[in-house]
Amino acid sequence: MEIEKRIRNRIVRGTRAKVSMNRLKILITVVGRAKADFYMDHIQSFGVNMQMVLFGQGTAPREIATAMGLADSDRAVIISVIGENQLQAALESLAEKFNTIVGGKGIAYTIPMASIIGKSIFNFLSDNRDAVRRNEK
Amino acid sequence: MSGFNHEVIFCIVNTGFSETVMEAAKDAGARGGTILNARGTANKEAESFFHIAIQPEKEIVMILVDAKIKDAVLHALYQKAGLDTMGQGIAFSLPVDNVVGLTPWKAEIKAAEVAAEKAAEKAEVAVENAEKK
Chain A
0 MEIEKRIRNR IVRGTRAKVS MNRLKILITV VGRAKADFYM DHIQSFGVNM
50 QMVLFGQGTA PREIATAMGL ADSDRAVIIS VIGENQLQAA LESLAEKFNT
100 IVGGKGIAYT IPMASIIGKS IFNFLSDNRD AVRRNEK
Chain B
0 MSGFNHEVIF CIVNTGFSET VMEAAKDAGA RGGTILNARG TANKEAESFF
50 HIAIQPEKEI VMILVDAKIK DAVLHALYQK AGLDTMGQGI AFSLPVDNVV
100 GLTPWKAEIK AAEVAAEKAA EKAEVAVENA EKK
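From first to last, the protein sequence lines stand for chains A and B.
Under numbering that gives the first Met the number 0, the first residue of the first sequence carries the number 0, and numbering increases by one thereafter.
Under numbering that gives the first Met the number 0, the first residue of the second sequence carries the number 0, and numbering increases by one thereafter.
Treat the hints as calculated values from the structure; they're not laboratory data.
Among these hints, one or two may not hold up.
[Said to hold, decoys possible] In silico lysine to any residue, SDA-like type, Cα no more than 25 Å apart, as pairs: (1) Lys104/A to Ile78/A; (2) Lys24/A to Leu35/B; (3) Lys25/B to Ile110/A; (4) Lys24/A to Asp65/B; (5) Lys69/B to Val76/A; (6) Lys96/A to Asn4/B; (7) Lys25/B to Val76/A; (8) Lys96/A to Asn48/A; (9) Lys24/A to Ala113/A; (10) Lys24/A to Asn122/A; (11) Lys25/B to Ser72/A; (12) Lys24/A to Leu93/B; (13) Lys104/A to Phe9/B.
Only chain A is shown next, with the shape it has when bound in the complex (with noise of 0.2 Å):
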């Protein structure tokens, strides 16, 4: 109940705790299958910590579909969350990889995150070890 009240007080206060530092967002990649894992291990080694991946099928006319390279129209949607420290360097590479990678080609984009709960699972996203090592201490 008083934790309850507590949380209702800041809400209406509006002081609910701010995150300024690395704010995380979700990272979608959509990729042909073939290259799914590929990507995955990919966008992994950006101190990614949990990745979902989804099977769809594109539905860009034929023309164009053949014009990027996709033979076939099997996707992968890649579902990161990565923050915002890391972000930057993984779309630059990403970009080069889609353009260089011989049926590789693929788009990214990302929506920011309004709000997450859990202090634990917010270091987790964010790949925070030095806050899980200080609460070893």
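Assemble chain B onto chain A, guided by the hints.
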């Protein structure tokens, strides 16, 4: 890569209606989308109370569009695949930043080329005028 020039539209429809969605979206200026298979859930009690059946098999169509045509696409989806139609679609959009990997649309490239040519011509005329003076 720039902030909030694009939006991603999610449209949840009954299975088999993703083509209707894509046709409507393309008419409104969208270029392509990705279809995901999904399963919907509904309130079982409410379903039996209202004597309606909710088809659990759904398709989610994910369309990345320029923010300028977002409203047009959403309107088209509402009319062609909205809740009143067989597709029983729900569509919403999320702002998106940092887009990477979109190839510029041919028309846009052409428009950019034409604009560049015009600018070059203007510059030439300006130089000529300056020389005359």
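Each hint, compared with the structure:
Taken as a hint, the Lys104/A and Ile78/A pair is honoured in the structure, with Cα atoms around 17 Å apart against an allowance of 25 Å. For the proposed pair Lys24/A and Leu35/B, the alpha carbon gap of about 21 Å is at most 25 Å, so the pair holds. Between Lys25/B and Ile110/A the alpha-carbon distance is near 23 Å, which keeps this suggested pair within the 25 Å criterion. The suggested pairing of Lys24/A with Asp65/B holds, with an alpha-carbon distance near 20 Å, which does not exceed 25 Å.
Among the hinted pairs, Lys69/B with Val76/A is consistent with the structure: their alpha-carbon atoms are about 21 Å apart, no more than 25 Å. Pair hint Lys96/A plus Asn4/B holds up; C-alpha atoms about 23 Å apart against a cutoff of 25 Å. Restraint check for Lys25/B and Val76/A: satisfied, since their Cα atoms lie roughly 21 Å apart, inside the 25 Å limit. Straight-line distance between C-alpha atoms of Lys96/A and Asn48/A comes to about 21 Å, which keeps the hinted pair within the 25 Å bound.
The hinted pair formed by Lys24/A and Ala113/A meets the criterion: a straight-line CA distance of about 9 Å does not exceed 25 Å. Between Lys24/A and Asn122/A, the direct Cα distance comes to roughly 14 Å. Compliance with the 25 Å bound is thereby established for this hinted pair. Taking the CA atoms of Lys25/B and Ser72/A, the gap is near 17 Å; set against the 25 Å cutoff, the hint holds. Of the supplied pair hints, the one linking Lys24/A and Leu93/B holds, its CA atoms being roughly 13 Å apart against a limit of 25 Å.
Distance hint between Lys104/A and Phe9/B is fulfilled; the C-alpha atoms sit about 22 Å from each other, no more than 25 Å.
Checked against the numbered hints above, the structure breaks none of them.
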